[in-house]
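J.: Sequence:
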Amino acid sequence: MSGESGPAHRQEPPTLPNVGTLVVDTTHQDRIGEFRGTIGPFWALRPVGGGREWEAPPEGVRLADPREWEAPPEGVRLADPRECLSALNARCNARSRGEVL
0 MSGESGPAHR QEPPTLPNVG TLVVDTTHQD RIGEFRGTIG PFWALRPVGG GREWEAPPEG
60 VRLADPREWE APPEGVRLAD PRECLSALNA RCNARSRGEV L
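Residues in the sequence shown are numbered consecutively from 0, following numbering that gives the first Met the number 0.
Honestly, the hints are just simulated from the structure, not real lab data. Heads up, some of the hints might be wrong.
Restraint ranges, calculated between C-beta atoms of paired labels, are given here [said to hold, decoys possible]:
(1) Gly39 x Asn92: 28 to 34 Å
(2) Leu84 x Gln28: 14 to 20 Å
(3) Arg94 x His27: 32 to 38 Å
(4) Thr25 x Gly97: 30 to 36 Å
(5) Glu58 x Gly97: 34 to 40 Å
Ideal placement from N, C-alpha and C gives every residue a C-beta, glycine not left out.
Assemble the whole structure, with the sequences as input and the hints as a guide.
T.: Shown next, in the form of structure tokens:
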């Protein structure tokens, strides 16, 4: 016994993204959404281009950042680039229609 109490490895909480950041919710079949804020211990996510928000645990959400596609951090599975492109396109279309800022 080492004499320590508690878990040997403590995981740091995920960094809070900026509102509007595209993220992937791995707890909901890698669903892509926009980060909208926090609701208690959960993160509020919304479909790109609008729609009904959903909640996800922060540890089940990761960034959907095109700059990471070529060299993702070790052990991190990123969204399919086609999904991200589709999500970005949906957001641009919604913005051009005046549905989102």
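J.: To test your reading of the hints: which numbers does this structure violate?
T.: Number 3 only.
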